[in-house]
Amino acid sequence: MYAHILVATDGSELASRALDHALGLAKALGSAVTIVTVTEPTAVLGGGYATVAGTAFDPIPELIEAQETAAKELLAKAQAAASAAGVSAKTVYVNDSFPADGIISTANSVGADLIVMGSHGRRGLGRLLLGSQTNNVLAHTAIPVLVTR
Numbered sequence: 001m002y003a004h005i006l007v008a009t010d011g012s013e014l015a016s017r018a019l020d021h022a023l024g025l026a027k028a029l030g031s032a033v034t035i036v037t038v039t040e041p042t043a044v045l046g047g048g049y050a051t052v053a054g055t056a057f058d059p060i061p062e063l064i065e066a067q068e069t070a071a072k073e074l075l076a077k078a079q080a081a082a083s084a085a086g087v088s089a090k091t092v093y094v095n096d097s098f099p100a101d102g103i104i105s106t107a108n109s110v111g112a113d114l115i116v117m118g119s120h121g122r123r124g125l126g127r128l129l130l131g132s133q134t135n136n137v138l139a140h141t142a143i144p145v146l147v148t149r
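Residue numbers in the sequence shown follow our numbering, run continuously in steps of one, and reach 149 at the last position.
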């Protein structure tokens, strides 16, 4: 039924539940699994700051490095969860992308036929103010999406 499941994670409790669900489904169906995490574009604000010594300091490379380190740690934990569940999984880190775009792009590139994501289930003003990566994925992909809470 589903030969390749892509599961998106950001390290949250909801994403952890989505990962557990995807791994259980993959084990039952014998599906391949790809776990993806995405870091958003870093805003560039004027190219750095002057220090007391008069040299320029640009915090952006350090921020990008910290994001990459955190993403790799997150994916290592997800990989360990997959191994513990008896499921073989590949991991993908997409940097400098809006989450929904990175998730859809990865799903297409790996040939996923199911995307699994967590959602807060916000309604009303909270949904409008905070947005929803899950809603963006649902609106912009033809691949079936399984949403967990």
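One should not assume that every hint holds.
[Claimed, not checked] Simulated pairs of lysine-lysine, DSS-like, Cα-Cα distance not exceeding 27 angstroms:
1. K72 x K27
2. K90 x K72
3. K90 x K27
4. K27 x K77
5. K77 x K90
[What the hints assert, rightly or not] So the derived label-pair ranges between C-beta atoms look like this:
6. P61 x L29: 27 to 33 angstroms
7. M1 x A66: 36 to 42 angstroms
8. P61 x I143: 20 to 26 angstroms
9. P61 x P144: 36 to 42 angstroms
10. A66 x L146: 19 to 25 angstroms
11. A66 x A28: 23 to 29 angstroms
12. E68 x G30: 29 to 35 angstroms
13. A85 x I60: 34 to 40 angstroms
By construction, these hints were calculated from the structure, which means they are not laboratory data. The C-beta atom is built at its ideal place from N, Cα and C for all residues, glycine as well.
Here is what the structure says about each hint:
For the proposed pair K72 and K27, the alpha carbon gap of about 24 angstroms is at most 27 angstroms, so the pair holds. Taking the CA atoms of K90 and K72, the gap is about 12 angstroms. The hint holds against a cut of 27 angstroms. The hinted pair formed by K90 and K27 meets the criterion: a straight-line CA distance of about 14 angstroms does not exceed 27 angstroms. Annotation: proposed proximity of K27 to K77 holds, straight-line Cα distance about 18 angstroms (limit 27 angstroms).
Distance check on the hinted pair: K77 and K90 sit about 12 angstroms apart at the alpha-carbon level, within 27 angstroms; holds. Taking the beta carbon of each, P61 and L29 are about 42 angstroms apart, not inside 27 to 33 angstroms as hinted. In this structure the supplied range 36 to 42 angstroms holds for M1 paired with A66, their Cβ-Cβ distance being about 40 angstroms. The beta-carbon spacing between P61 and I143, approximately 34 angstroms, falls outside the hinted interval of 20 to 26 angstroms.
The hint said 36 to 42 angstroms for the Cβ distance between P61 and P144, and at roughly 39 angstroms that hint holds. Our hint of 19 to 25 angstroms for A66 and L146 is violated, since their Cβ atoms are close to 31 angstroms apart. For the hinted restraint 23 to 29 angstroms between A66 and A28, the CB-CB distance of approximately 37 angstroms leaves it violated. Separated by about 32 angstroms at the C-beta atoms, E68 and G30 satisfy the suggested range of 29 to 35 angstroms.
Checking the proposed 34 to 40 angstroms range against A85 and I60 shows it holds: the Cβ atoms sit about 37 angstroms from each other.
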